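This is what each chain is made of:
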Amino acid sequence: GESVGLHLPTLSVQEGDNSIINCAYSNSASDYFIWYKQESGKGPQFIIDIRSNMDKRQGQRVTVLLNKTVKHLSLQIAATQPGDSAVYFCAENIRFGTASKLTFGTGTRLQVTL
Amino acid sequence: NAGVTQTPKFQVLKTGQSMTLQCAQDMNHEYMSWYRQDPGMGLRLIHYSVGAGITDQGEVPNGYNVSRSTTEDFPLRLLSAAPSQTSVYFCASSYTRGQAFFGQGTRLTVV
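Each protein sequence line maps, in turn, to chains A and B. Count along the first sequence from 1, then add 362; that gives the number in the working numbering. Count along the second sequence from 1, then add 8; that gives the number in the working numbering.
Bound conformation, chain B alone (with noise of 0.2 angstroms):
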């Protein structure tokens, strides 16, 4: 039972360079989201979902779309990066109302 599984663990884009962050979760839950952790700032939520088809925007969605095509996946996807969203990103899963499992992050630089 792998829980919660981020890809890559690291990158590094360039300004105006597009790409996939992966997230897959083996525990059958409904929920997931993506959060994005900055220095001072805790953890703001970019985009959750609520079931495979449904997603809604969360707190900081600007430059990020998301897509759950199914139940296990659900990419994150920077269309055009800045430096601005140089963070780590954090892929959670949960039940609709419970506990949420995180991925282990990922650590994008953009230069």
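Bound conformation, chain A alone (with noise of 0.2 angstroms):
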């Protein structure tokens, strides 16, 4: 069936560089993705979305590029710091009538080691 998934599932990356986490999308209808960010005990975080009619975005340290043609995602963060050290979601973003539904990718965990 349609779904959304991530090729790694924990990233060890160094404090000060930076990070890609990888995400893998079937659905062609959808046309809005969403980055979020859980930390240990919380709910997730919103970081970065990107809808199907751009390839990249950026914001504060993070940046989100879409190939369509593959159906890839990807969140970059630069100078990783240890505050970065998450669970990493892509989610992608279904309309249907007025409606809309979120579909997660089963996470990726980034630890930043000193």
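Rather than coming from a laboratory, the hints here were simulated on the basis of the structure. None of these values were measured; they are calculated from a predicted model. The beta-carbon is built from N, C-alpha and C at its ideal position, and this holds for glycine as well.
With the Cβ distance kept under 10 angstroms, some of the chain B side facing chain A (calculated, not the full set): (1) GLN14; (2) SER41; (3) TYR43; (4) GLY48; (5) GLY50; (6) GLY111.
Could you use the hints to bring the two separately framed chains together as a complex?
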């Protein structure tokens, strides 16, 4: 069936380096994608989103890239900090009528080493 | 502005008991949803609502009921708790299309 998934379950990055978290999606009807960060014991927190009419979107230290040809999404974190340690989820938003539904991947754990 | 508030934060139930997980948002969002999060499975949609009086099933609705009598509140009812319902439950709200805001979660254990 249609699904959103992640390539790497755990990513270990040294403090100060850049992090890249990848996500594959399979639903061609999805036209909006979101990255969430979830710290231990907390709910998912919005990081950045991108619509399918865009290839790239930048925020503060984060960049999301969308490659619709291969149905691939990535989150880049510049100058990774210890506070970036968390589980990161990509989600695709599928609209049907006036409603929309988020489908999440299984998550990637980012570990920042000192 | 509290955002999305879930209660309780922790709950232990015996098999067969019923209970209601509460969710309230103060952002006047039309769209609200309930997810459960299990290890290695990400977040799975249980039920959602596109406005007061309108609810629908998500991926894993069995064993759960919802209602939406007001824009602000979206309670999730477990009719007869089972150990398979041990999970962390998240409520989320959003405008019809856009980023979802999540509550802090309810950790439920069914023994």
